[in-house]
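J.: Place chains B and C on chain A using the hints.
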Amino acid sequence: MNLKLDKKDLKPFLQSLIDEADLFAPVQLAEGVLVFKKIDRPDEVDLSSSNTQKPAKEVFSPQSETMFRYEKAGKQHQVTSTEEVERKRVILGVRPCDIQAVSLLDEVFLGKEYTDSYYLNNRNATTMIGMACGHPLSTCFCSSTGGGPFLRKGSDLFFIDLGESFLVELLTEKGMTFQKSNFFKEANTEEISLAKAIEEKALKKTDTSVPVEGIEKRLDLMVESSFWDRVHEKCIGCRVCTYLCPTCHCFDIMDEALTHGGQRVRNWDSCLSSLYSQETSGHNPRPTNRERTRQRIMHKFNYFPKNFGRIACVGCGRCILYCPVQFDIRQAINWTSAKRLKLQRGGRSTNP
Amino acid sequence: MKNPYHPIPMIVKKASVETTDRMLRTLQLSFLNEEDAKAFRFIPGQFCELSIFGKGEAPLGIASSPTENGSLKFTINKAGVVTTALHHIEEGTEVGMRGPLGNGYPIDIFQGKNVLVIGGGFAFTTLRSLIAFFLHPENRNKVKDITVIYGARMPGLLLYKEELKEWEKRSDIKLVVTVDWGDKDWKGKVGLVPNVLEELAPSSENTYAVICGPPIMIKFTFPKLMALQFPDERIYTSLERRMKCGIGKCGRCNIGHIYVCNDGPVFNYAQLKKLPKDY
Amino acid sequence: MIQKKIREKAKELLEKKMVDLIIGFGEWTLPLRTTPIFVRNPKEVDHLIWNSFCENNLSTYLHKFSHFKVGIVVKGCDARSITALSLEKRFKPDQLYLIGVPCQRMVDRRRVKKAVKGEILRASEQGDQIIVEGEDFKTALKREDFLYSSCQVCTHRTPTLANVLVGDPVEEIPMTETHPDIKEFEKKSPEERWKYFEKESSRCILCFACREACPMCYCEECFVDSSNPKWIEKSLSPSDNEFYHIVRAYHQTGRCSGCGACERACPMEIRLTYLTQKLNQNVKELFNFETGIDAETLPPLSTYETEDRQEFIK
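Chains A, B and C, in that order, are what the protein sequence lines are.
990 is the number of the first residue of the first sequence in this note's numbering; add one for each residue after it.
366 is the number of the first residue of the second sequence in this note's numbering; add one for each residue after it.
35 is the number of the first residue of the third sequence in this note's numbering; add one for each residue after it.
Extracted from the complex, chain A is given alone in its bound form:
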């Protein structure tokens, strides 16, 4: 059964979500600058833009997250844990690329021997309302990385913007709990056809040409290559790409002390920062931008696939749009193809 939400019912729908749960949705902080924030009033929500600057990973693993609080009690300490999530949560307006990224982060935070309690609690409490991308940007290459503008995997509910209304698909058990919602009406055949047409058009628009196929093997041959000497040159070593990347997940743990206690906090960190791997002795295994750029690209396209079977990039294009010096990851990936050809032919590399 296909449902729809008329846009005139959007605000009351949002209010109903706010009444029941903590709602996270895109909010405009300044013209053209959007982030996911906890919503207090429905009119804060902005679903008009193609994507937020800060990715949806923030809702599951915030940029700064308190791990526990402690208070001095003589020579000992009273520790209060902060991993509990008291209220249910809903995230609305997440694009398929960000949803794909969250499933990728699940592998890191929930898999193997240890489970990250904070992430797990956030994840379990959250209902994911995905939003299809009817107008992908030219920088979107989700289709090259195994995703797509209408990828439904990972969404509990899936909205498709039809102009006057949203087509609503209930995809999971969590999604089905919305079946009886007063705000959802039955969609007619025209609306369903319109959604299909928008989907077909969007699928044609995203870039399928970025050669990520086989990149893990190509990079295996390139660890010590002079390729990195050229690739890193224009990178200024800021953290824009890392912080805006929906799959980047490195974090730092710091204690913040006050007189009688304090808290342990974890914050996003970036392997591009010069002090990231600096050891207390002063030795830094990645002393220059060359090693750090290599680490970031190798991690995304070689090390992560070795551990988890897929590349750590969902093709959202934020790093391309917001890099201050226009480092384009698609070009770096392209060059690995060209480079491999040169290596095979025994040629020497020149300026990429």
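These are computed hints drawn from the structure, not numbers from a lab.
Everything numeric in this text was worked out from a predicted model, so none of it was measured.
Accuracy of the hints is not assured; some may be wrong.
To be verified - On the chain C side, residues computed to face chain A include the following (Cβ under 7 Å):
1. Leu155
2. Ile239
3. Phe242
4. Glu246
5. Ala247
6. Cys251
7. Lys268
8. Ala299
9. Pro301
10. Met302
We put the beta carbon where it would ideally sit given N, CA and C, even for glycine.
T.: Then chains B and C, alone, in the frame of chain A:
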């Protein structure tokens, strides 16, 4: 479900300065809670993240052996914010501990073989754990010959001096303690670890080597091990790296696709050769 | 044709081995943007371009090439940064060759984007117009209406102290008594000013793009990284964000060339130049000093003379 980031409360039972330059301090920590003590199982080579609330955490190799019940021993080099704080805390203070972390030495692989232990400076901490483990009556016959070469720059900088003296007296372990420069009281061997190794020339047949020390020592000792025909798969070392979470999540300590905190810190040279030179 | 002259000069410098590489601007993947390029082969100088989208301050790269002789394409503001850096002894004499371009002022790509509906797929310059095209639109915009605010008030568009100028010097405007943005700001009460600053810095994600894009921020250990003393925490908090911005602006006093690279780099579009421009104005008023104009006068806040004015010490 246990939160892997929450430290277990430990109490500083005993604190002592280990070296004459006062840069190394040994802490004996006991568990505050009985059930934590019962649940804690570790093997030599593993480490813990010690917490000083308000300062942070530091990864430190466990120096005590699993056979030494009741408390954990750590020897701490004063280097940064947390380790300096660990140098100043008094007996009876609470510290946090998360562990055991890491893979530890492959004691199962060592069974039935000879073990050659080479240590330098304050990297000797987890080697102490390994040696004490195998010297315990329950474990001694798990391995054949135990040979230990341990060197420091000067006699005052040797760790666990009393214990070394005890071990030197034993017949079931061959221990050579050496220093780069002696002093007027030093009656023992004087010589750099690589040279002592060359001189001693232990057989590599059926032998596993474990080497921990400063980079300069490893750099010169490694060729000597090669000359003695030790193959890469039978030379083990413990890597150090800046760490934060200690459980393979924060991404900081990776070398290639492996995380030093979780897949390591103990590796053999055959494994290290496959990794990118990112260390 | 400035672009042609840049390429000719670059070719000459590389062929004569007067420099090891040229840092300039090249064509790249997105419209309304160029990208820094590093040319070592004289055959590749045709990659170098010049247009109204050459917005980066390339002198921020010089520390990466400290062992090389570098030719660099500079606008007026970039050249001033380099002079300021030279006074701070960041280069050896004769290490650099400045290819000076009298600047036509750079176009603010963000304002262009906001002036049209839909994604801009192609952009070009034609005379005094910027032509932008999307999937279903093509619009011509007047270039003069879309300049960066820092460019609008620039007083030194012609690079001083360049080794060569590849265009005719442009007519400079004198430093205005108060610059329009500052004038607006000065009209506000202290509470309003603080509210504005608070709102801007609340968006900050501590990505440090502003710091890395700035050529004057070259400290190996920035104050934000110091753990002992720990000046600010690493987590996001309104007061720490504000502290970072205030201190960074102050560290630029007497050193900032007003290039605007910080503001252009920010992914959250935080206004930053109003702080540094106000400080630059104050430095001009109090010390009669403008950053990077001459290669002799040392920055007033980096030096001490016994004759320094001290009437403000009570």
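J.: Now, for every hint given, state plainly whether the structure supports it.
T.: Tested hints:
1. Annotation: interface hint on C:Leu155 holds; nearest CB of chain A at approximately 6 Å, less than 7 Å.
2. Restraint check, C:Ile239 versus chain A: the minimum CB separation of about 5 Å is within 7 Å; hint holds.
3. The closest approach between the C-beta of C:Phe242 and any C-beta of chain A is roughly 5 Å, which is under the 7 Å cut-off, so the hint is satisfied.
4. The beta carbon of C:Glu246 is positioned within 7 Å of a beta carbon in chain A (closest approach about 4 Å), and the interface hint is therefore held.
5. For C:Ala247, the interface hint holds, the least distance from its beta-carbon to any beta-carbon of chain A being 5 Å, beneath 7 Å.
6. Using the Cβ-Cβ criterion of 7 Å, the hint placing C:Cys251 at the interface with chain A is not satisfied: the shortest such distance is roughly 10 Å.
7. Evaluation of the C:Lys268 hint against chain A yields a held restraint, the C-beta minimum of about 5 Å falling below 7 Å.
8. The restraint placing C:Ala299 at the interface with chain A holds, with a minimum CB-CB distance near 4 Å, inside the 7 Å limit.
9. Of the supplied interface hints, the one on C:Pro301 holds, with its beta-carbon coming within about 4 Å of a beta-carbon of chain A, less than 7 Å.
10. A least Cβ separation of about 5 Å between C:Met302 and chain A falls short of the 7 Å threshold, and the interface hint therefore holds.
Violated hints amount to a single one, hint 6; each of the other numbered hints is respected by the structure.
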